[in-house]
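K.L.:
Can you make the complete structure from the sequences, with help from the hints?
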Amino acid sequence: MASSATKIEGKTVTLEIFRYQPDDETEPRYDTFEVPYREDWVVLDAINWIKDEVDGSLSYRWSCRMGVCGSCGMMVNGEPKLTCAVFLRDYYPKPMRIEPLEHFPVTRDLVINMDDFMGKMEKLQTWIVPKEPRTIEEGEYRQTPRQLADYKQYTMCINCMLCYSACPVYGLDSSFLGPAALTLGRRYSLDSRDGAKDERAELIQSDEGVWSCTFVGECSRVCPKNVDPAGAIQAGKVEGTVDMMKSMLMPWGRK
Amino acid sequence: MSKDYIRPMPKRWWTTRPGWAKFMLREWTALPVAIYCGVLIAMAAAARSEASWQGFCDWLETPLSMILHVIVLAFALLHTVTWFAAAPKAIRVFRGDEQVPEALVAGGHFAAWVVVSAGFALLVVGL
Ligand code: SF4
Ligand code: FES
Numbered sequence: 001m002a003s004s005a006t007k008i009e010g011k012t013v014t015l016e017i018f019r020y021q022p023d024d025e026t027e028p029r030y031d032t033f034e035v036p037y038r039e040d041w042v043v044l045d046a047i048n049w050i051k052d053e054v055d056g057s058l059s060y061r062w063s064c065r066m067g068v069c070g071s072c073g074m075m076v077n078g079e080p081k082l083t084c085a086v087f088l089r090d091y092y093p094k095p096m097r098i099e100p101l102e103h104f105p106v107t108r109d110l111v112i113n114m115d116d117f118m119g120k121m122e123k124l125q126t127w128i129v130p131k132e133p134r135t136i137e138e139g140e141y142r143q144t145p146r147q148l149a150d151y152k153q154y155t156m157c158i159n160c161m162l163c164y165s166a167c168p169v170y171g172l173d174s175s176f177l178g179p180a181a182l183t184l185g186r187r188y189s190l191d192s193r194d195g196a197k198d199e200r201a202e203l204i205q206s207d208e209g210v211w212s213c214t215f216v217g218e219c220s221r222v223c224p225k226n227v228d229p230a231g232a233i234q235a236g237k238v239e240g241t242v243d244m245m246k247s248m249l250m251p252w253g254r255k
Numbered sequence: 001m002s003k004d005y006i007r008p009m010p011k012r013w014w015t016t017r018p019g020w021a022k023f024m025l026r027e028w029t030a031l032p033v034a035i036y037c038g039v040l041i042a043m044a045a046a047a048r049s050e051a052s053w054q055g056f057c058d059w060l061e062t063p064l065s066m067i068l069h070v071i072v073l074a075f076a077l078l079h080t081v082t083w084f085a086a087a088p089k090a091i092r093v094f095r096g097d098e099q100v101p102e103a104l105v106a107g108g109h110f111a112a113w114v115v116v117s118a119g120f121a122l123l124v125v126g127l
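Chains as they are written, first to last, in the numbering used here: chain H, 1 to 255; chain C, 1 to 127.
Worth flagging that the hints you see were computed from the coordinates, not collected in a lab. The structure displayed is predicted, hence computed values, not measured ones. Virtual Cβ for every residue (Gly too), placed ideally from N, Cα, C. Keep in mind that a hint or two might mislead.
Stated by the list, open to error - So the derived list for chain C, only partly shown, Cβ under 7 Å to chain H, looks like this:
| # | residue |
| --- | --- |
| 1 | Asp-4 |
| 2 | Tyr-5 |
| 3 | Met-9 |
| 4 | Pro-10 |
| 5 | Arg-12 |
| 6 | Phe-23 |
| 7 | Phe-56 |
| 8 | Ala-90 |
| 9 | Arg-95 |
| 10 | Asp-97 |
P.N.:
Here you go:
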């Protein structure tokens, strides 16, 4: 087990970190580190300290350190968290167990493979597909505040994937499109400027889509940005049901 | 990529996190409610003759029936409360440009519940 060679003054806190080094080992292990305790340190600071002072081989992702880039998500004592947004003092003096986000393959140490999530966003075309092409001379696409209100909450998503780690449906079967991708799909379908609603609806209403959701609701609880993916998915179910009813009662109308 | 380490879900995954356990409990509330349908069917059957009706009423007063009723009531309440609390997730209401707060939508459901229950109580007591 690795331990700090540096002598630490004052209070310390213990971090137990999931390690997986595919070049040398086939099984993961846990390393324990003593880290200085500071009131104003977030968990990510402690992990950075370990990398700087004790073990430079520790791999993990981070970038902004201010809760906007969405890259520092890890399991902290079994809960998916942005490690730059939770403080050591939230756990002190208990030891902390740091693991890569659950339900994703682990590439190395705390780094997960997010190809699956990226693929899902691509499938759902989580961008605006313009209804009608416009030239720059024609000016901007306009939208009323009410049209913006329809989807604004969903734009807060930072693609941190914490919601996927909270979702047992995704954990059991990763073909489920999952909370964030479905929410972002909905975000663009609700946008008055977008023209790919029907294409997305086919996926959203498929077996991989909203109907796989059993409404555990944990995705919304762990979301650091109050996106409420669970809400978006339930609203998607309501919409799908209404559309189905409409097409049954008025087969001649727009589906 | 092929060397990625996969962590499978434990068999009893719902025991590993409180939020998941709560979800399972909510799912299971359906069972006592279904069982209680049996009681209602028995009641309908018993209503055919005076004697069987009396028998049904006598059974209602047994400790077994009391315990069953308490358990079913507890689960039905849990079912209702979690259902109504979840309602605003599916129903997004807008007033003007603003979304109506979730608490208000849930509150509306609870208020309607109280009114309807009171109505039924009046009907039963009135009879
Ligand atoms: S919905 Fe929330 S938890 Fe999920 S990826 Fe977006 S910001 Fe993260
Ligand atoms: S480092 Fe960017 S969200 Fe934590």
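K.L.:
Go through the hint on Ala-90 (chain C) and say holds or violated, using the shortest Cβ distance to chain H against 7 Å.
P.N.:
Nearest chain H Cβ about 4 Å off; hint holds.
K.L.:
Have a go at the Arg-95 (chain C) hint: is there a Cβ in chain H nearer than 7 Å to its own Cβ?
P.N.:
Since the shortest Cβ distance to chain H is 10 Å, the answer is violated.
K.L.:
With chain H as the partner, please determine if Asp-97 (chain C) meets the hint condition of a C-beta pair closer than 7 Å.
P.N.:
holds (4 Å)
K.L.:
Min Cβ distance, Tyr-5 (chain C) to chain H: is it shorter than 7 Å?
P.N.:
holds (4 Å)
K.L.:
Taking the closest Cβ pair, is Phe-23 (chain C) under 7 Å from chain H?
P.N.:
holds (4 Å)
K.L.:
Does the closest beta carbon of chain H sit nearer than 7 Å to the beta carbon of Pro-10 (chain C)?
P.N.:
violated (10 Å)
K.L.:
How about Met-9 (chain C): closest beta carbon in chain H under 7 Å, or not?
P.N.:
holds (5 Å)
K.L.:
Hint check: is the beta carbon of Asp-4 (chain C) less than 7 Å from a beta carbon of chain H?
P.N.:
holds (4 Å)
K.L.:
Let's test the interface hint: is any C-beta of chain H closer than 7 Å to that of Arg-12 (chain C)?
P.N.:
violated (11 Å)
K.L.:
Under 7 Å is the threshold here; is the Cβ of Phe-56 (chain C) close enough to any Cβ of chain H for the hint to stand?
P.N.:
Violated, because the Cβ-Cβ distance from Phe-56 (chain C) to chain H comes to roughly 37 Å (cut-off 7 Å).
Taken one by one, the earlier hints fail for this structure at numbers 4, 5, 7, 9, listed in ascending order.
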